[in-house]
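K.L.:
Protein chains in written order, with this note's numbering: chain G, 2 to 115; chain D, 3 to 112.
Rather than coming from a laboratory, the hints here were simulated on the basis of the structure.
Note that the Cβ used here is the ideal one computed from N, Cα and C, for glycine as well.
What follows is a set of in silico ranges between Cβ atoms, one per label pair, in the way DEER data are often shown:
hint: 1; chain 1: G; residue 1: Gly-96; chain 2: D; residue 2: Asn-54; range: 15 to 23 angstroms
hint: 2; chain 1: D; residue 1: Gly-18; chain 2: G; residue 2: Asp-68; range: 47 to 55 angstroms
hint: 3; chain 1: G; residue 1: Val-14; chain 2: D; residue 2: Thr-80; range: 42 to 50 angstroms
hint: 4; chain 1: D; residue 1: Lys-59; chain 2: G; residue 2: Pro-15; range: 41 to 49 angstroms
hint: 5; chain 1: G; residue 1: Ser-71; chain 2: D; residue 2: Leu-98; range: 22 to 30 angstroms
hint: 6; chain 1: G; residue 1: Lys-114; chain 2: D; residue 2: Gly-74; range: 45 to 53 angstroms
With a straight-line cut-off of 25 angstroms between C-alpha atoms, the simulated SDA-like cross-links for lysine to any residue are:
hint: 7; chain 1: D; residue 1: Lys-59; chain 2: G; residue 2: Leu-95
hint: 8; chain 1: G; residue 1: Lys-69; chain 2: D; residue 2: Leu-98
hint: 9; chain 1: D; residue 1: Lys-19; chain 2: D; residue 2: Glu-87
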Amino acid sequence: KQEVTQIPAALSVPEGENLVLNCSFTDSAIYNLQWFRQDPGKGLTSLLLIQSSQREQTSGRLNASLDKSSGRSTLYIAASQPGDSATYLCAVPLGGGSQGNLIFGKGTKLSVKP
Amino acid sequence: GAGVSQSPSNKVTEKGKDVELRCDPISGHTALYWYRQSLGQGLEFLIYFQGNSAPDKSGLPSDRFSAERTGGSVSTLTIQRTQQEDSAVYLCASSLYGYTFGSGTRLTVV
Numbered sequence: 002k003q004e005v006t007q008i009p010a011a012l013s014v015p016e017g018e019n020l021v022l023n024c025s026f027t028d029s030a031i032y033n034l035q036w037f038r039q040d041p042g043k044g045l046t047s048l049l050l051i052q053s054s055q056r057e058q059t060s061g062r063l064n065a066s067l068d069k070s071s072g073r074s075t076l077y078i079a080a081s082q083p084g085d086s087a088t089y090l091c092a093v094p095l096g097g098g099s100q101g102n103l104i105f106g107k108g109t110k111l112s113v114k115p
Numbered sequence: 003g004a005g006v007s008q009s010p011s012n013k014v015t016e017k018g019k020d021v022e023l024r025c026d027p028i029s030g031h032t033a034l035y036w037y038r039q040s041l042g043q044g045l046e047f048l049i050y051f052q053g054n055s056a057p058d059k060s061g062l063p064s065d066r067f068s069a070e071r072t073g074g075s076v077s078t079l080t081i082q083r084t085q086q087e088d089s090a091v092y093l094c095a096s097s098l099y100g101y102t103f104g105s106g107t108r109l110t111v112v
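Take these sequences, add in the hints, and give me the full structure.
P.N.:
Take a look at the structure:
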């Protein structure tokens, strides 16, 4: 059974800090892993999608890495800003394919203080 | 369209009434999903449609919940005889390779 865990559950940092969010999954037979951001009362915004054959993906100040064999992914946020405050979720499709029920972690709630 | 569209964005209904929530996925996305998120909770899978295959209904919490997807595109999630515990944000997503979520419908049962 695939389980996704995110650590820490909450994080508060001053503006400008670089930070790392962690995601682990129990079944390494994944097709891809996706990071999302959720603002309070809003839907999910896709940040980065990493295919199982990739080691990392970058978008602006965000960099996500994937180590399938160890069942881990990290989301690195450089030079954090107050606008980065949100809940960050990682998810993998169930069953090892590219589509299927997404299994989510419980998220890391990030607060960036001005 | 450019994204996944959900309507209504907010719905307040009386206990016992039926409600319909609509999802318009990204054109060309073969898979469509419904999730719900109760206040302060994680995402709960409800149902998954893939092409013309029979949907995966394993997440539906009771027989009051049903969903259909017409013509491989628009989907409607129906909740019959709503209860207060049905109050949540209902999120729809579609996928081809990655997943794109709509903004959700906030359902409040009073």
